[in-house]
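Given these sequences and hints, build the entire structure.
Number of protein chains: 2
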Amino acid sequence: MAAAPVWSVDPRTGKQREQVAVEATAQEVDAAVRAAHAARGALADRAVRAAFLRTAADRLEAARDPLVEAADAETALGPVRLTGELARTCYQLRAFADIVDEGAFIDVIIDHPDDTATPPVPDLRRFKVPLGVVAVYSASNFPFAFSVAGGDTASALGAGCPVVVKAHPDHPALSELVARVLRDAAAEHGVPAGVVGLVHGFEAGLELIRHPLVAAAGFTGSVRGGRALFDAAAARPAPIPFHGELGSLNPVLVTEAAAAERAEAIGAGLAGSMTLGVGQFCVKPGLVLAPTGAAGDRLVKSLTDAVGDTGPGVLLDHRMRDNFVAGVAERAGLEDVESPVAPGAGGEHTVSAGFLTVPAHRLAAEGAHDLLLEECFGPVTVVARYEDESEATAVLSRLPGNLSATVHLSEAEAAGEGRGAELLAALTPLAGRVLVNAWPTGVAVAPAQHHGGPYPATTSTSTSVGGTAIERWMRPVAYQNTPEALLPPELRDDNPLGLPRRFNGRLER
Amino acid sequence: MAAAPVWSVDPRTGKQREQVAVEATAQEVDAAVRAAHAARGALADRAVRAAFLRTAADRLEAARDPLVEAADAETALGPVRLTGELARTCYQLRAFADIVDEGAFIDVIIDHPDDTATPPVPDLRRFKVPLGVVAVYSASNFPFAFSVAGGDTASALGAGCPVVVKAHPDHPALSELVARVLRDAAAEHGVPAGVVGLVHGFEAGLELIRHPLVAAAGFTGSVRGGRALFDAAAARPAPIPFHGELGSLNPVLVTEAAAAERAEAIGAGLAGSMTLGVGQFCVKPGLVLAPTGAAGDRLVKSLTDAVGDTGPGVLLDHRMRDNFVAGVAERAGLEDVESPVAPGAGGEHTVSAGFLTVPAHRLAAEGAHDLLLEECFGPVTVVARYEDESEATAVLSRLPGNLSATVHLSEAEAAGEGRGAELLAALTPLAGRVLVNAWPTGVAVAPAQHHGGPYPATTSTSTSVGGTAIERWMRPVAYQNTPEALLPPELRDDNPLGLPRRFNGRLER
Numbered sequence: 001m002a003a004a005p006v007w008s009v010d011p012r013t014g015k016q017r018e019q020v021a022v023e024a025t026a027q028e029v030d031a032a033v034r035a036a037h038a039a040r041g042a043l044a045d046r047a048v049r050a051a052f053l054r055t056a057a058d059r060l061e062a063a064r065d066p067l068v069e070a071a072d073a074e075t076a077l078g079p080v081r082l083t084g085e086l087a088r089t090c091y092q093l094r095a096f097a098d099i100v101d102e103g104a105f106i107d108v109i110i111d112h113p114d115d116t117a118t119p120p121v122p123d124l125r126r127f128k129v130p131l132g133v134v135a136v137y138s139a140s141n142f143p144f145a146f147s148v149a150g151g152d153t154a155s156a157l158g159a160g161c162p163v164v165v166k167a168h169p170d171h172p173a174l175s176e177l178v179a180r181v182l183r184d185a186a187a188e189h190g191v192p193a194g195v196v197g198l199v200h201g202f203e204a205g206l207e208l209i210r211h212p213l214v215a216a217a218g219f220t221g222s223v224r225g226g227r228a229l230f231d232a233a234a235a236r237p238a239p240i241p242f243h244g245e246l247g248s249l250n251p252v253l254v255t256e257a258a259a260a261e262r263a264e265a266i267g268a269g270l271a272g273s274m275t276l277g278v279g280q281f282c283v284k285p286g287l288v289l290a291p292t293g294a295a296g297d298r299l300v301k302s303l304t305d306a307v308g309d310t311g312p313g314v315l316l317d318h319r320m321r322d323n324f325v326a327g328v329a330e331r332a333g334l335e336d337v338e339s340p341v342a343p344g345a346g347g348e349h350t351v352s353a354g355f356l357t358v359p360a361h362r363l364a365a366e367g368a369h370d371l372l373l374e375e376c377f378g379p380v381t382v383v384a385r386y387e388d389e390s391e392a393t394a395v396l397s398r399l400p401g402n403l404s405a406t407v408h409l410s411e412a413e414a415a416g417e418g419r420g421a422e423l424l425a426a427l428t429p430l431a432g433r434v435l436v437n438a439w440p441t442g443v444a445v446a447p448a449q450h451h452g453g454p455y456p457a458t459t460s461t462s463t464s465v466g467g468t469a470i471e472r473w474m475r476p477v478a479y480q481n482t483p484e485a486l487l488p489p490e491l492r493d494d495n496p497l498g499l500p501r502r503f504n505g506r507l508e509r
Numbered sequence: 001m002a003a004a005p006v007w008s009v010d011p012r013t014g015k016q017r018e019q020v021a022v023e024a025t026a027q028e029v030d031a032a033v034r035a036a037h038a039a040r041g042a043l044a045d046r047a048v049r050a051a052f053l054r055t056a057a058d059r060l061e062a063a064r065d066p067l068v069e070a071a072d073a074e075t076a077l078g079p080v081r082l083t084g085e086l087a088r089t090c091y092q093l094r095a096f097a098d099i100v101d102e103g104a105f106i107d108v109i110i111d112h113p114d115d116t117a118t119p120p121v122p123d124l125r126r127f128k129v130p131l132g133v134v135a136v137y138s139a140s141n142f143p144f145a146f147s148v149a150g151g152d153t154a155s156a157l158g159a160g161c162p163v164v165v166k167a168h169p170d171h172p173a174l175s176e177l178v179a180r181v182l183r184d185a186a187a188e189h190g191v192p193a194g195v196v197g198l199v200h201g202f203e204a205g206l207e208l209i210r211h212p213l214v215a216a217a218g219f220t221g222s223v224r225g226g227r228a229l230f231d232a233a234a235a236r237p238a239p240i241p242f243h244g245e246l247g248s249l250n251p252v253l254v255t256e257a258a259a260a261e262r263a264e265a266i267g268a269g270l271a272g273s274m275t276l277g278v279g280q281f282c283v284k285p286g287l288v289l290a291p292t293g294a295a296g297d298r299l300v301k302s303l304t305d306a307v308g309d310t311g312p313g314v315l316l317d318h319r320m321r322d323n324f325v326a327g328v329a330e331r332a333g334l335e336d337v338e339s340p341v342a343p344g345a346g347g348e349h350t351v352s353a354g355f356l357t358v359p360a361h362r363l364a365a366e367g368a369h370d371l372l373l374e375e376c377f378g379p380v381t382v383v384a385r386y387e388d389e390s391e392a393t394a395v396l397s398r399l400p401g402n403l404s405a406t407v408h409l410s411e412a413e414a415a416g417e418g419r420g421a422e423l424l425a426a427l428t429p430l431a432g433r434v435l436v437n438a439w440p441t442g443v444a445v446a447p448a449q450h451h452g453g454p455y456p457a458t459t460s461t462s463t464s465v466g467g468t469a470i471e472r473w474m475r476p477v478a479y480q481n482t483p484e485a486l487l488p489p490e491l492r493d494d495n496p497l498g499l500p501r502r503f504n505g506r507l508e509r
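Chains P and H are the protein sequences, given in the same order.
Taking full-length UniProt numbering, the leading residue of the first sequence gets 1, the next gets one more, and so forth.
Taking full-length UniProt numbering, the leading residue of the second sequence gets 1, the next gets one more, and so forth.
For the record, the hints were derived by calculation from the structure and aren't laboratory data.
Among the chain P residues that face chain H by a calculated CB cut under 7 Å, a handful are: (1) Leu124; (2) Gly416; (3) Arg475; (4) Ala478; (5) Tyr479; (6) Arg509.
Now the stretches of chain H that chain P is said to cover, found in silico as 3 or more residues with beta-carbon under 8 Å: (7) 75-89; (8) 109-118; (9) 410-420; (10) 440-449; (11) 452-463.
From the derived model, a few chain P residues whose C-beta atoms are all more than 12 Å from chain H: (12) Ala21; (13) Ala42; (14) Asp45; (15) Ala47; (16) Pro66; (17) Asp184; (18) Glu264; (19) Gly272; (20) Thr292; (21) Ala306; (22) Leu334; (23) Asp336; (24) Gly344; (25) Ala394.
All C-beta atoms in this analysis are idealised placements derived from N, C-alpha and C, irrespective of residue type, glycine included.
Structure, rendered in structure tokens:
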């Protein structure tokens, strides 16, 4: 059987641009994993990892114009957005380099012997070591920031783990280009090219997750695809951690008082957030609880005006476009659902943004309207109008896990009057990030960021964005009774590397 | 159908002592989980949690004599060991109370807005919140320290998570007693009794792991039982973290120089470690790589003498006894395997400790002898005699994950001469704890402890003993753009609770 070709496709026309590669065979996946595994030693030195990450950022920036052009040709996300996303990606690589330099993530804990403990404590010194080869499953919607050189790769390399990336079929040519840049950066620091493997093909992705030398995986994508890989990771003879970001509705609650105070601003802000990147963000607000009555009507009117002004957009591929068109049609056809701005097909290759409304009580109990509580990828949101706040919280309590949950409060509520704190507490179980008077799109790269949440937002308690993402690729090891002469420098009493640590119980920074 | 009775059994006679309870029905499991879930709010205050844990320790100590008596009647572990184990359990409860007081595990990270970042960083404040109800699966071999009031329960309560414990069938009466002590301690601090649920029965254990309100699980036990529960946790509509400690061979490598230097001491130390608690420790050294030749012969001789002097012992139950007898017979029957002290059946209810020897090359490649690389619960170990060190490391490289890996070095090797550091590096991928010139039995409760390791040692990268065990039951949440008035005190700039944290990138302690 001939190897299946991998085509680069123009989403603006649906036409094949060029054949980029062929799908990887089981043998090729095995070779990529073995090459990555062999590169572990070259990443053992933290200084090398940090320098490699910084060089990768420098080289990606140097190649900006051809990379953005290649990305736009395959994703239609436009040069402005893609230039910004590349800048974010480089910022992220450098942020992880800084984290590697600081070394807090190694989590050094040293206990001297203590005969007063029950039972007595011997000399124990613990730190974290890299897990091994990490499989990275790229997302379609962020061809730079959640793809070959994205957060999973940056954090894994920072942790000392080589990666094998399963390229997303929506931007295979860009994936090859970026992988080449990363390998050139590696070579500059004496790290073998195998440190960043790249494979194409659905079957190759399954081979990868099942490979005995793959020690962990990161994934950003759909619930269906992510769950299949999660299941495969769990079914291995030796299961491995699978950090998947699968899907999220990102509910927004607008209080009666907030709507009364600034209905127009909220409506316009919502329109901007839900149509950003043609609605292809994992943190797109997909369900908005807004009050019935005049203030809520003003919000809907403002949303109607702003979304109505949005031109047609191109989705990342034609399958997504077909799913969007079918998904919004099915939702719009439910009883009591209205479409103030009808979402759906635009031209032959485009879609139109829109939104639906529904009385919130329709969502308060199991039924056909539960479809509205499932993520619909693309520029659409559902505005559920509630009669009173208990109706709104009843809907919230039915939601599965989310990446984000947002509340819009009035000035007085934000200042502590009324139920602001209570609502915040009610949103916390729903999501990994809770926002007040803001919109969830735009996920900052920062130490305190948490881009994760209860299932299906993520399959673990970890984050895929922000400083703590590096923790996913490490495991602790404790050394007992080990002579000074044999200790790695990280675990020596005199702390030659100047690492933050816990020393005989006390935190030292 | 009548509810299945739960019997307390005397392992010294195999006779039923009394009926303790009946196996929990699905409805009873549901009620226990709901009661635990309802108790979450009472655990929200860290001060209450710490006080509750300390009172639990006080009350367990106050009830020491009847508890030890009850434990001995069901486990035959003897009052000395059990008194020590109870002391350890109380120490552990108080250690977690101290950890709760300090609050580092909440992992506060605060970022003020930063417009110079790419993209700009908004106000972000992250900490960790309790996951929810934790299912705890008790172990047979530590009726106090890894059971109802053991490390999983102590760390979960410390994290703010109520527990429902699945009692181990080898000590159901003790489980009921200990649960009552914990509930009395809870009541003293206004925490509802449901905060510590207890259910009996195999089916109840499966119901528990599948319950939608159960948010995570801790397990200590066999590979078969643990894997079944892990699989059930992964197969849930919303999978949950399953922290299971399943099985471990705990390899020991004795270098030629170490054997030459102190063969007798090593043989005697090994005998003590492998027969401790009638060989029923999860960190029992189950495979020892010792050199051929005179020094190794002296080691075997010393082991022969010491193990030969060990009297018969009672295992935790008769099923274990039967498995031990069959397991050692099967292993002893393999080609080239010798039994200098034959392990096996003792009297009608007891077993005799022993050990087997085999040429290491028999273990270097797949074959019938792989049985010797599987854990055999009870007082037996396998001494594999190697011709040269490469033969020894070839065997090590074939091992699955372990809780511990040990190397015995000569004085010169420990001082940095020869291959000590190299051997330490070779053992690190095998285990979560690496020991030098020590024995793995005896797992100290300490900040730097790591009691976990690559699968099947554990099903996650976490530990079930030591301070960081509390991390298993938490998930991060980030608050974005949240007004000061609505922030939990943990996340306020002025740090009213005095928590260690990362503030605008800097570690503060």
